[in-house]
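If you read the protein sequences in the order shown, they are chains A and B.
So the first sequence is numbered by the working numbering: it starts at 12 and just counts up by one.
So the second sequence is numbered by the working numbering: it starts at 1191 and just counts up by one.
Treat the hints as calculated values from the structure; they're not laboratory data.
Keep in mind that this is a model prediction, so the values were computed, not measured.
Honestly, I wouldn't trust all of these hints.
In the DSS-like style, the derived pairs of lysine-lysine whose C-alpha atoms are separated by at most 25 Å in a straight line are [what the hints assert, rightly or not]:
id, chain 1, residue 1, chain 2, residue 2
1, B, Lys1287, B, Lys1383
2, B, Lys1383, A, Lys110
3, B, Lys1283, B, Lys1396
4, B, Lys1396, A, Lys110
5, B, Lys1383, B, Lys1283
6, A, Lys18, B, Lys1383
7, A, Lys105, B, Lys1383
8, A, Lys105, A, Lys168
9, A, Lys18, B, Lys1287
10, A, Lys168, B, Lys1244
11, B, Lys1283, A, Lys18
12, A, Lys18, A, Lys110
13, A, Lys168, A, Lys191
14, B, Lys1383, A, Lys191
15, B, Lys1396, A, Lys168
16, B, Lys1383, B, Lys1396
17, B, Lys1193, B, Lys1396
18, B, Lys1396, A, Lys18
With beta-carbon atoms standing in for the labels, derived distance ranges [stated by the list, open to error]:
id, chain 1, residue 1, chain 2, residue 2, range
19, B, Thr1240, A, Lys110, 24 to 32 Å
20, A, Ser136, B, Leu1268, 41 to 49 Å
21, B, Gly1285, A, Ile145, 50 to 58 Å
22, B, Pro1272, A, Thr31, 17 to 25 Å
23, A, His111, B, Gln1443, 33 to 41 Å
24, B, Leu1462, A, Pro186, 34 to 42 Å
25, A, Thr15, B, Pro1369, 47 to 55 Å
26, B, Asp1228, A, Gly139, 53 to 61 Å
27, B, Thr1240, A, Ser136, 49 to 57 Å
28, B, Val1222, A, Lys56, 57 to 65 Å
29, B, Leu1328, A, Ile145, 45 to 53 Å
30, A, Leu194, B, Leu1328, 49 to 57 Å
Calculated from the model, a selection of chain B residues having no Cβ within reach of chain A, i.e. all distances over 10 Å [unchecked claim]:
id, residue
31, Val1206
32, Ile1271
33, Pro1298
34, Asp1331
35, Asp1337
Cβ atoms here follow ideal geometry from the backbone N, Cα and C, with glycine treated the same way.
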Amino acid sequence: MKQTRLKSVAITLFIALLLTPVYWLLNMSFKTNQEILGGLTFFPKIFTLDNYAVIFSDPSWYNGYLNSMTYVSMNVVITLLVALPAAYAFSRYKFLGDKHLFFWLLSNRMAPPAVFLLPFFQLYSSIGLFDTHIAVALAHCLFTVPLAVWILEGFMKGVPREYDEMAFIDGYSFPRFFIKVFLPMIRSGIGVTAFFTFMFSWVELLLARTLTSVDAQPIGAIMTRTIGASGIDWGVLSAAGVLTIIPGILVIWFVRNHVAKGFALGRV
Amino acid sequence: MQKIQNNRAWWLVLPVFLLVAFSALIPLMTVVNYSVQDIFGPGQAFFVGTEWFKEVLGDERLQDSLIRQFMFSGAVLLIQIPLGISVALMMPKSGIKGSVCLILIAIPLLIPWNVVGTIWQVFARGDIGLFGWGLNELGFDYNYTGDTVDAWLTVLLMDVWHWTPLVALLCYSGLRAIPEAFYQAAEIDRASKWAVFRYIQLPRLKSVLIIAVLLRFMDSFMIYTEPFVLTGGGPGSSTTFLSQTLTTMAIGQFDLGRAAAFSLIYFMIVLLISWLFFTAITQDDKEK
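Could you put together the complete structure from these sequences and hints?
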């Protein structure tokens, strides 16, 4: 099995290359600033946890993580709540303007965030939502909802309509059928959608930063604060960067088994 | 599946419609409003018609960043799609190895965009970064903050590093969804590796590839945070892409009218290209 071995070597090499920049971040997070700026070292000479201590002891730092997690969770919940029924409608029924509506939804995924910055700021300020978690969650819906509808619709298409009809004959009401019968069948689709929604909301910063100032500021925006009078505090910045990766790893660990079926979006 | 005509389905779509309309239509209308007016202050605006559009279309700075943007997005698609497919083909099919591979490959996707820029900002430095140091040791004269070509290539490499995993993950799951029977049939026919790929795997990957191409095109065309953090658009304007030109115009110079007109043109370009993709897909589905 020469070819299998060649494949394993190639994939290991790819992953190694992929993780090198991440390793560099990790490496820096355990160094002192003097060592980081002093020259190139492959391992921290003086191993320090001070950078992490700064983040865990300063409320303005760890609140950033809490803020990010709050609006991302809100976004995932809102997105799933509205996208599930809509995706069901798109997968089962023909209705007036369905195709146009679907493309219009998709087109919002294409709107460059830079286009919306200023109007968003004005809109959310005028309704008093500026600097709240819900404002960021709603703004992120602009690109998470269309993607969620798109993915879920693919999954729902894969479930034969006979199931729906059988459930109705058995006397299930629509909401009961939807929650008890239908949702469990597309579990992996929901898992994958939740992952994509989480991912795109977690990493987006342009809108999140524009719509917040103090109370709901995301961690990414707080990171820019390390630029002080003495230059950038690379050690703390790296430690903060490392910590931003961890929630994502946890989420993908929970959905990993759905991925094989899941990411195919039911279209294959 | 045969779909049933049912206009009451609108009730199910209504929440999505209202939500997206709230966050999309109102801001979009504001942008349209700005694009046809000259604004001096609150309550002081003059209708200028298509003046801004004419000016923006004739602006050389924008034409330059548009060309740069197309080159970038083209390169992104040409590199990431084939690379993503090959990685997906190489990934272990199942078991703990498969799970670990999957998670490791997904890591770059989970890093906030400004952190991605920060990582590469250090990683590519010649004095304290492994990548820049390594290249210089190998005898290349590499300096992304001083050389325009180096800067452009660094942004491209960063994007390949960041987003190839998305293509790989999508293709991986597409491959996993192919029934084993297809491969068995191919083996009986003594089909070559290439034939298996060309006639079994690739056609079945088509739908996920379309999603990958669309997502990669849209996102690379809107790239902003990463090059902004990495190079700030420089040196010169070698890594100033469309979003950055727009942001500088709207927030840096507060040139609302021109920025709004530019926004709309920008949006139309993305919309047009994506619409071409979209119709190509649906056309193909109809033929089946």
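A/Gly139 and B/Asp1228 - C-beta distance against the hinted 53 to 61 Å
The hint (53 to 61 Å, Cβ to Cβ) is violated, given that B/Asp1228 and A/Gly139 are roughly 29 Å apart.
Does the alpha-carbon distance linking B/Lys1396 and A/Lys168 stay inside the 25 Å limit?
holds (17 Å)
Is A/Lys18 within 25 Å of A/Lys110, Cα to Cα?
It is violated: about 43 Å lies between the C-alpha atoms, which goes past 25 Å.
Below or equal to 25 Å on CA atoms is what counts here, so check A/Lys168 against A/Lys191.
Holds, at about 18 Å.
Within a Cα-Cα threshold of 25 Å, do B/Lys1383 and A/Lys110 meet the stated pairing?
violated (39 Å)
Starting from the range 24 to 32 Å, see whether the pair B/Thr1240 and A/Lys110 falls in it by beta-carbon distance.
holds (31 Å)
Would you mind confirming whether the straight-line C-alpha gap from B/Lys1383 to B/Lys1396 stays at or under 25 Å?
At roughly 18 Å apart (the allowed maximum being 25 Å), B/Lys1396 and B/Lys1383 satisfy the hint.
Does the no-contact call for B/Val1206 survive, Cβ to all of chain A over 10 Å?
violated (4 Å)
Just to be careful, I want the Cα atoms of A/Lys18 and B/Lys1383 compared with a cutoff of 25 Å; is the pair within it?
Distance of about 14 Å is within 25 Å: holds.
For A/Lys168 and B/Lys1244, compute the direct alpha-carbon distance and say whether it is at most 25 Å.
violated (46 Å)
Quick check for students: does the CB of B/Pro1298 sit more than 10 Å from each CB in chain A?
violated (6 Å)
No chain A beta carbon within 10 Å of B/Asp1331's
holds (18 Å)
When the structure is compared with the earlier hints, violations turn up for hints 2, 7, 10, 12, 14, 21, 25, 26, 27, 31 and 33 and for no others.
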